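Here is what each chain is made of, one letter per residue.
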Amino acid sequence: MLGRLFKQQPSNSLHNHHHHHHHQSATPHSNSSVNPSPAISSFEDSYAREILYGTHNANQLKPYSFNNKLFRIIISQDGGSLRSKQVLYDSAYDTSSPSTGNFAASPSSFNATNASNCTIKSVFRSKNMVTSKIYHNSGDINDYMFGCGLPTNETNCATKVHVLPVLSNSICGPYNAVLITRLFSISDFENIECILDTAGNSYESSWCPTPTSSIGMPTIKKYPFAKSNGSLSNPNKNNVNSRFAIGIVIPIESANDLNDVIFNNWDEISHYMVLAQKLVYKKLIIHLNNDSSYDQDNSLTSCPYLINKRIQFPNYILQPDHEIGAQLYKLIKLVHYNSNIPKLINSNYLIKSALTNDNSQFNYMLLNWVLEILNWLEFKDGKSMVNNNYSYNSSFHYNYLSHSSSNTDLPGMNNSLTSMNSISNNNSSNNNCSNSTFLASLIALLLPLRKSLAVKPFHNVTNTKNREITRVVIMTGNPVVAKKLIFIINGLIPALDNGLICYEKNRIAVSASSSTSSRINDFQATSEEIMGSAIEEGVEDDEDDGSSKFSSSDDLPSTTNQNSNFSSPSPVHQTVSPKKISPLNGIQNSNSPRKASPSQSTALPISSHPIPIKPSNMSTSLCSSDNSLSGSTTSIKGWEIPCKSAASTTTTTPNKHMETGAKGIPIATATMATTSAIDTENHLRNSSLSKNSSVAYLSSSLNSSSSSSSFSNYSLSKIGGSFMEKWKNSFNNSYTTNSIHTNQFSNSMSHNHFSNGEGSEYVPPPTYGSLSKRNSIQSLRTPSPAIEYEDFSWQTTVPMSSSHSNSINAINSQQTTIVGTPTKLSRTQSMYDLYNMNNGGNKVMNEESYSDGTANISSASSRRSISIKRAKTSVYSPLVDDNLVKNITEHNKGVVKSKCAEIMKLKISQRNLQDGILEVFPILSQKSKLDHYIDIDEADSFVNDQSTITSRPGEEDASRKSQKSEDGYNHYNLSSSFSPVFKHKAQLPNVAFTDEFRPEFNIQSCPVNPKLETQVINSMKNDMRFYQSNYNYESITSRTVFISLRAREIKVLEMSYNNEHMSPSNSTATTPSNSSIGTSPSTSYFPDTITSTGHRNSISSNNGNNYKTIIKKVFTPGKSSFSNQDLVRRVDDTFDDITQLFAQQQNKNKQQTTRSNDNSYEGNDFNKRLAGLVLTLVN
Amino acid sequence: MTNYIVCLAHFCELHGPSTIMCTQVTTQSRKQDHILPPTSKLQTCSSCKLILPDGLYNVVTTEEPSPSKSLKTGQDEEARVFISTHYPSSQKRYASLTKLVMKSLSVETSSVLSKPMFYGDMVNGYCINKIFKIRDINARGSERKYSLMVVADSESDLLSNWDVISVYFTEIIELVQERVELTFEDTMAKREAEASNNSNTLLDNERYLRRSMIKPKSLADLTNDDQIFVKLHLWAIELLKDILK
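Protein sequence lines, in the order shown, are assigned to chains A and B. Read in order, the letters of the first sequence correspond to residues 1 to 1179 in our numbering. Read in order, the letters of the second sequence correspond to residues 1 to 245 in our numbering.
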């Protein structure tokens, strides 16, 4: 909303705008977030949240609500009086009184002090009582900013942060706020900031204060004033030194959010403060210079503002300045965007740790990363993977078949598949040689830029002479597709160099939380484990769903049992296992012992035919929950429509939209022609569908409809919804969806979206109580932005635009088609199968496993999800499961409290050395302790350990942690016996989707906007200016990889500046021959903007310095002009290898169906090879 | 790497803002740089003094390098050494710290004493501090003003630890104040007992003639714990360990 207001209103109306705000603020309904933030991303489903943010818990990503009118900027001067400082500008001062009309007058009208005094008086008179209650007293703020007590005589810039006292008033309620102060001087003493590096001693020089953002010398100078009676000896020096302060007040929800809102974004806030300081400095100097008069007689410049070697501007001299007034909105947007759009988790780290650690819980991340790459290659890049697709489908059941005790081989099918696979391999390799794909080009382009992508654009990089800023901007009409691409890109970006996000130990915290010892490599064991758990927890439980669902997730012994199944799968498992899988692949070996299953009533197998079975309740729900959870379903709905079936699938007429849930089937039919086996499979499965399964499918389709409403979030903005509302809608959305489920399926529906853990704590704020009424499913399924859906040669995604009831009808009436869905799932499923993803032991109850009670059992035991504790802008380190620690603040407080109390109780005995040194010894860390993560519930008790005497607090004698060791000294060790303190680790400013381009972000996707490229170029220009004027880098490069998804085009915009070879003539706008700008698709969409702007910008620049600008088109459809073709080819080859690896593995699995259980070795081999391939990409 | 100094300072009625103790982390090989020589013993009042058992003036704790870390890096990491001294031996750090302590106790104000505040510049470094007061009947206004500070040379790194630092500050200050209150009550109880025994004891003059009774008192006296500075050292170590993670 704000953004649009900005666009509509000329800059000089900002004050009126402000008035408007103020009026609003006076109304009693304006308690929180009066002006919804412009920020926040579109809706994300649970799967998207997991892969992007490392958690499926939407509450962790719930945006803060800021009350925009509580933001404030105040500029003051220290005029020399100890008692009072003068306010030069105060955004909170802008009252609705008529006197503000005076401010609108041009600054020149402020020449005379009288005039301004007059204005000020009227302002005082009109001062609104409300204002004084809402805002902190400016006198107090001045005290905080300048300090009180001893006056200091400094000229250097200083930064301060205060937590302001909570103001209680009836209008806004009590609120927390932070004051960030920037102090600077206008002074004749210049360059005092040079640090005197005294000694060559490394110890001495190791202390080197480094600001977050350094500020260079101002380019604008004040006149060398002297008062007319000034000393003639040095007419140019008046030894003026005056202090000024800029204070910004940022309201925060709670004092615990300080790190998340403020300090994790400190680079950006500092950058803002530096810019604000420069602006204010410039304005003040202009006032100083303009208002000074030149005394010709004495050839002196005198200035009315110079009094007693201090500059004393009249009060509120800056108040009418629009440029400064605009700063407030910049600030609001900065805070909103940077703290409310959740930052992506560093999946690169997680993937790497999954690659190096077999037990890693983050296999899920690795797996999905590979999957999304394969999906992208197949569905977006249109790589010839048709046959691979088959093999994915088939591999799925092959894997499972391999676990059934006796198999008659299916000769025909096997043969066909084998041949298909080999063909596909040939095909793909042929294709690759000739034509590199979009994704390969992109990754090859980004690989060398990874390091600079791992640095925040505004981070102060010391100890380098060359600063490179790299951004990736994806222009897209479809955030869901863009998010997939961003997920892939994000996997390449290494963690911030200022500290890994976790250590060895940290992973233990997580793996302990998952409490399984899964061997990812052992895919044979995996499926058996699933089956095992299913048997133990699910099979006999068809009736009693609710009770068992939790036992499956929480019961550690049961997981142990599962693990024991690894080595020697019992016949029982083998007997029952196929039943669970059957609905997914719908194909069953005739000799499988499934017959024995009681739930099996129809569709008895026919020998030597792959036959479907009628799914039991339980297996159905497994299927459905997998549908909703694995995310592949939603991804299918979102974007995954294979080219080959396009003709039959993508009928985008509105009345067909309701079939989205059933889109799968045309694919199946398309494949039928080639594979008779699948043909039969589908037919038979269709016939054997039970009502239960249709219900399950309904739920999954509902689920997908809510996920497809992510599209409509963007389109909502077009029909006037504000962004904050949209974001909140996404909560309501899922909420209402679930509640509908609850109504629909009254069976065992005890939990919904928010039933687990913290979810239940989420209460929708009253502010959108009214919204939630509107936000029925129907309203969320707003007009599908079908027009926006691209796509070049890619297949469109068909949003679910039918109403709720429609979709039910559609699903009911189209039961047969729905059955196709599982085949689409199959690739994910085969991956899950190959990797041991389906381990039980996850404590997290998946929020979407609500379709049927039994689903909980199977989903909880068969799927692990990632739920890392995090905040919007950071993750907590060490990484910890979301459900393990409820409240980080409380936890930390508890840990530190007991730690400190323990020390207080210590009776320390020490050893005295020479030189007056008192030595206090720590106890050696116990390795076993390191391996053990203490659950929060046990945090008060200490781990018992042979070497450390521990006890519960209160048992006074034993709680001494001191103990005698061999050398007879008392040792202590606290760190290892307490659970860790969790710290914020700020994540890189990589976001999935933002509704407008933000220069603070490294990676982002933005909606299609003709001005986007101009914005990008402008921000690059600002980078150049900023770094050039404030830092001493030898060369500065600002680079943006600009991806237009609609045009499937990759452009690199690069602006560079080199201090050394600077000459006035080297301003060039280079346009390489291969970057035919005229054919730029974006240009063709928006003919008059892009190219000309890019060109012009390259020539114009601020300080007379020109930046070399290069716009290079790296990839356009059918043409890759990337210089490093070799790298592209290598990336492409890696992709192929991965694809082939999967194909081969599936063949192997197939062949092993007749053999014994020796595929654990094969699985390891597969894993090693896959790890190797992925490592070449991520490392 | 960012350098941190955890510091306890106070406003001395005789000397103004002054450092009592500062804890730094270094490596075994650099240890000597931080150790104060015997000649450095300042002639100072007892409230400014770092009082350690046996008249020592350096507290050192050597941390064994964690095996998991060295496994990870593949090389033996040097053991971390935590050293507490009265003041930093480095001239530069001394200058920075003195300036920051001065600001903390006599320039900066914050009305919310329960929250720490941050200030700093690129000349002297950066500091998160929290002021706390300790009851002392012998002090002016019956209280002594102390400041607990974490000083660093990197603004970003320091601020990213705001949460952790503020939790530690709260707990440490609470424990010290609690102990002081206990001690205070003890002495008052004793005194009252004495007074009741001694029937002709007049009113406690100290309460009224405070000026004459102003005398510097160490935190060790106030807490009645001669190891209080060793404990502060250990607290600082825990704090530093968590910051440096």
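Worth flagging that the hints you see were computed from the coordinates, not collected in a lab. Treat the hints with caution; some may be incorrect.
Here are a few chain A residues that sit away from chain B, every Cβ distance over 12 Å (derived from the structure) [claimed, not checked]:
no., residue
1, Val-166
2, Asn-169
3, Glu-204
4, Cys-208
5, Ala-255
6, Asn-460
7, Lys-897
8, Asn-1009
9, Ala-1171
10, Asn-1179
Coverage of chain B stretches by chain A, computed from C-beta distances (three or more under 8 Å per stretch; other residues unrestricted) [stated by the list, open to error]:
no., stretch
11, 80-94
12, 183-195
Part of the chain B face toward chain A, derived, beta carbon under 10 Å [unchecked claim]:
no., residue
13, Lys-49
14, Ile-137
15, Asp-157
16, Asp-221
Treat the numbers as computed from the prediction; the structure is a model and nothing was measured. For glycine and all other residues, C-beta sits at the position ideal for the given N, C-alpha and C.
Do the hints match the structure? See the list:
The non-interface label for Val-166/A is inconsistent with chain B: the shortest C-beta to C-beta separation is roughly 8 Å, within 12 Å. Once the 12 Å rule is applied to beta carbons, Asn-169/A is consistent with being away from chain B; the minimum gap is 16 Å. The beta carbon of Glu-204/A sits about 5 Å from the closest Cβ of chain B, which is not more than 12 Å, so the claim that it is off the interface is violated. The beta carbon of Cys-208/A is not kept farther than 12 Å from every beta carbon of chain B, the shortest such distance being approximately 6 Å.
Distance to chain B contradicts Ala-255/A as a non-interface residue, since its nearest Cβ pair spans about 7 Å, not more than 12 Å. Against chain B, the non-interface label of Asn-460/A is violated: not every CB pair exceeds 12 Å, the least being about 7 Å. Separation of Lys-897/A from chain B is inadequate, the least Cβ-Cβ distance of about 5 Å not exceeding the 12 Å criterion. Here Asn-1009/A stays apart from chain B, with its beta-carbon at least about 32 Å from theirs, past the 12 Å limit.
Residue placement check: Ala-1171/A keeps its beta carbon more than 12 Å from all beta carbons of chain B (closest about 19 Å). Under the 12 Å C-beta cut-off, the non-interface status given to Asn-1179/A relative to chain B holds; the minimum distance is some 16 Å. Counting residues of the stretch 80-94 of chain B whose CB falls under 8 Å from any CB of chain A gives 4; the rule of at least 3 is met. Given as covered by chain A, the stretch 183-195 of chain B fails the check, having 0 residues with a CB less than 8 Å from a CB of that chain where 3 are the minimum.
The interface hint given for Lys-49/B is broken, as the beta carbon of that residue sits about 14 Å from the closest beta carbon of chain A, more than 10 Å. Here the hint on Ile-137/B is broken, as its CB sits about 23 Å from the closest CB of chain A, past 10 Å. At its closest, the beta carbon of Asp-157/B sits 7 Å from a beta carbon of chain A; the interface hint therefore holds under the 10 Å criterion. With its C-beta approaching chain A no nearer than about 17 Å, Asp-221/B sits outside the 10 Å limit, and its interface hint is violated.
Hint compliance for this structure: hints 1, 3, 4, 5, 6, 7, 12, 13, 14 and 16 are not met, and every other hint is.
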